[in-house]
Amino acid sequence: MGPEQLVEESFSWVIRGGELRLSNLGQLELLRGMHERGVPLRIMVRGSSMHPFIRDRDVLTIAPLDSRDPRAGEVVAFTHPVTGRLVIHRVIKETDRGWLLRGDNCSKSDGEVTKEQIIGRVTRIERGGREVGLGLGPERKLIALLNRGPGLLFIKQIWLLPRRAAGFALRCLQAFPLYRLLGRYLARSLTVAPAEDNDLEIIKRRFHMSGPFFKQSPGLKVCNWVAKQGGKVIGFVQLVSRPQAYRHWAGDWLFSLQVWPLYRGLGAGEKLTNRVIEKAQKQGAAELLLLVNENNIRAIRLYQKLGFTRIVLPALEPILAAEKNRTGRRRVVMQKKLR
Amino acid sequence: MEVQITMDSVCLASEDVVAREIEGDLIIVPLVAGIGNADDELYTLNETGKAIWQKLDGKLTLGQVVEALSRDFSASEEKMQRDVLGFVHEMVRRGILAVKE
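Here the protein sequences line up with chains A and B, keeping their order.
For the record, in the first sequence the residue sitting at position 301 is 301 according to the numbering used here, with numbers rising by one throughout.
For the numbering used here, count along the second sequence from 1 and bump the result up by 339.
Think of the hints as simulated: they come from the structure by calculation, not from any bench.
Note that this is a predicted model, so its numbers are computed, not measured.
Built from N, CA and C at the ideal position, the CB exists for glycine as well.
Some hints here could point you the wrong way.
A few chain B residues that face chain A, going by a derived Cβ cut-off under 7 Å, partial list only [unchecked claim]: (1) 356; (2) 365; (3) 373; (4) 399; (5) 410.
Far from chain B, by Cβ distances over 10 Å, these chain A residues were calculated [said to hold, decoys possible]: (6) 26; (7) 33; (8) 37; (9) 61; (10) 96; (11) 196; (12) 220; (13) 233; (14) 310.
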């Protein structure tokens with residue numbers, strides 16, 4: 001690249017936040033930078049190790065520790081003693097040399113952490129644009145106490161039992177051919193249409209995020225569809241077409257396919273996916289790609305039925321492997337050739 | 340109040356931002372009510388923006404910055420002046436850069 005070109009490009013220098021994804025270590029570095037100045041940082045976090053009190057994509061305000069030491073029950077950001085990564089967990093106990101930390105959703109503690117490793121304390125949790133109170137108030141001491149042993153996980157299991165049983169029963173029913181047949185017959189009014197603004201509002205609330213593909217970026221083309229049953233949104237899908245500049249993410253991608261649990265087995269997923277395939281074909285795409293969690297057998301089965309096969313894109317492998325380390329879920333690529 | 344920006348102006352990062360180089364990118368987080376808001380207010384600069392930013396140390400005048408940058412990038416001063424002024428205007432407007440009195 002010649003010098004003149006470099007200068008020409010100086011007007012693409014500002015990227016609005018949210019579109020820039022900081023890695024875990026990037027967030028750690030930023031947090032350190034903020035706290036050197038003595039100011040709190042408001043930032044979105046990923047992961048479910050603090051579920052249900054802090055959830056994936058919650059926005060946290062993390063303040064410097066200042067002079068006051070952390071106390072049992074408080075949620076702190078720290079550098080993990082083994083991995084060196086930024087972790088946000090709860091103090092369950094004060095010890096002689098430091099603090100014992102554990103995620104509310106973790107089966108084991110992180111071990112003892114010293115003051116040098118603790119970067120700041122969580123002072124505010126926001127979810128879907130609203131402040132969430134539970135988890136940082138007076139109940140925090142009880143949570144810490146329960147989480148010193150298996151108490152918290154045990155309560156969670158009991159709490160989730162009826163819901164799990166109902167979910168299991170529903171899934172069995174939805175896999176039952178007669179249900180699918182009858183359901184499809186009764187759900188004849190199920191339609192798929194391009195999403196209107198008010199549909200997208202519903203989707204955003206459901207996905208708990210402003211979302212990576214709700215913002216239009218340069219050169220990026222996004223089409224959104226919703227499935228509706230009796231006027232109610234019950235499913236969603238996107239076609240994201242990225243130009244060559246996106247390198248190994250370039251091309252046409254099916255994204256965000258989701259059918260609300262109660263409405264599965266009625267053919268909505270298939271209708272939504274077919275709509276994306278049609279559109280990609282119309283745009284002249286050679287192939288349609290998608291990412292799916294390798295354990296999501298029902299989705300993989302649907303995609304296979306519609307002509308997708310599993311492929312490996314070497315350039316994406318390291319990214320997907322890193323994602324597994326970060327989030328615990330491994331996604332794989334599927335492709336449908338369109339010509 | 341509109342601040343006049345000339346080639347004799349001296350600029351530096353505003354008190355209301357925290358800038359830090361992270362994984363090769365210069366990340367700028369504006370402080371809103373004393374809190375760094377990285378959720379929807381984060382900025383990052385590309386190579387050129389970064390090169391300009393790094394010269395704005397509160398000591399060099401914009402004229403000197405232009406001179407140094409056009410040397411570094413072997414670009415014409417005239418063009419560089421346009422870029423630097425455009426950059427500074429925009430960053431001052433957004434409250435990311437401050438003009439030293």
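Consistency of the hints with the structure:
no. : hint : verdict
1   : 356  : violated (10 Å)
2   : 365  : violated (9 Å)
3   : 373  : holds (6 Å)
4   : 399  : violated (18 Å)
5   : 410  : violated (11 Å)
6   : 26   : violated (5 Å)
7   : 33   : violated (4 Å)
8   : 37   : violated (5 Å)
9   : 61   : violated (6 Å)
10  : 96   : holds (34 Å)
11  : 196  : holds (24 Å)
12  : 220  : holds (18 Å)
13  : 233  : holds (25 Å)
14  : 310  : holds (31 Å)
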